[in-house]
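Colleague: First to last, the sequence lines map onto chains A and B. Using this note's numbering, you'd call the opening residue of the first sequence number 6 and step up by one each time. Using this note's numbering, you'd call the opening residue of the second sequence number 254 and step up by one each time.
Just so you know, the hints here were simulated from the structure itself, not pulled from any lab data. Treat the numbers as computed from the prediction; the structure is a model and nothing was measured. The reader is advised that the hints may include incorrect statements.
What the hints assert, rightly or not - Derived list of chain B stretches under chain A, where covered just means 3 residues or more per stretch with a C-beta under 8 Å from a C-beta of chain A:
# : stretch
1 : 294 to 300
2 : 312 to 324
3 : 334 to 348
Quick reminder that beta carbons are idealized off the backbone N, C-alpha and C, glycines included.
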Amino acid sequence: AQRVTQPEKLLSVFKGAPVELKCNYSYSGSPELFWYVQYSRQRLQLLLRHISRESIKGFTADLNKGETSFHLKKPFAQEEDSAMYYCALGTYNTDKLIFGTGTRLQVFP
Amino acid sequence: KAGVTQTPRYLIKTRGQQVTLSCSPISGHRSVSWYQQTPGQGLQFLFEYFSETQRNKGNFPGRFSGRQFSNSRSEMNVSTLELGDSALYLCASSLRGTSGENTQYFGPGTRLTVL
Chain A
6 AQRVTQPEKL LSVFKGAPVE LKCNYSYSGS PELFWYVQYS RQRLQLLLRH
56 ISRESIKGFT ADLNKGETSF HLKKPFAQEE DSAMYYCALG TYNTDKLIFG
106 TGTRLQVFP
Chain B
254 KAGVTQTPRY LIKTRGQQVT LSCSPISGHR SVSWYQQTPG QGLQFLFEYF
304 SETQRNKGNF PGRFSGRQFS NSRSEMNVST LELGDSALYL CASSLRGTSG
354 ENTQYFGPGT RLTVL
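The following block holds chain A by itself, in its conformation from the complex (with noise of 0.2 Å):
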């Protein structure tokens, strides 16, 4: 079965602390990992996906096949990244997504 699991519900740090939202996933294909986040009152909007490796807003993601994860990380929070955070499994050659159930991410000055 497909899935994806994001143990915490709600993270919170201060400003300058790291940051690690965990994500691990269920698939037995080849899959494809994305990170999404909603800030307060915008839409659903692409922070990462694992094929582009990149480094977007400071977060970095690997994707761990062994371990099954993809979990986001940002060494030094800033109060503009609190935000609600979805880890997403997507299938090849659809657009489906299956969502984990999301880790609110609150950073105090």
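Let chain A serve as the given structure and place chain B on it in line with the hints.
Modeller: Showing chain B alone in chain A's frame:
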């Protein structure tokens, strides 16, 4: 380019009624997907359309249906509304099928309340 648009933004219906939601994808995008977002179940995939054909369907009852038009605009319909259908319905579009690019761009959603 204009983003994905959804109409209406808010809708209030009563149990037993039916509702039609509309989605206009980004110009040039031919793939449209729909998701239901609720506090209890989170984001759940409803369907995916490409070139007027449904390519994928989520685990929802037959009361939920959709279609896509030749201009890539899409509609979804929910018949015989139930209280549990109250949710934010999100539409997303992508270029997939033309270049393989599958980044999905989401609309603002339609907030459906069933009384």
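Colleague: Decide, hint by hint, whether the structure agrees.
Modeller: Going down the list of hints, with the structure as the test:
Only when three residues or more bring their CB closer than 8 Å to a CB of chain A does the claim for the stretch 294 to 300 of chain B stand; here the count is 4, and the claim holds. A stretch counts as covered by a chain when three or more of its residues have a beta carbon under 8 Å from one of that chain; for the stretch 312 to 324 of chain B and chain A the count is 0, and the coverage is violated. As drawn, the stretch 334 to 348 of chain B meets chain A at 3 residues by the rule of a beta-carbon pair under 8 Å; at three or more, the given contact holds.
In this structure, only the earlier hint numbered 2 is contradicted, and the remaining ones agree with it.
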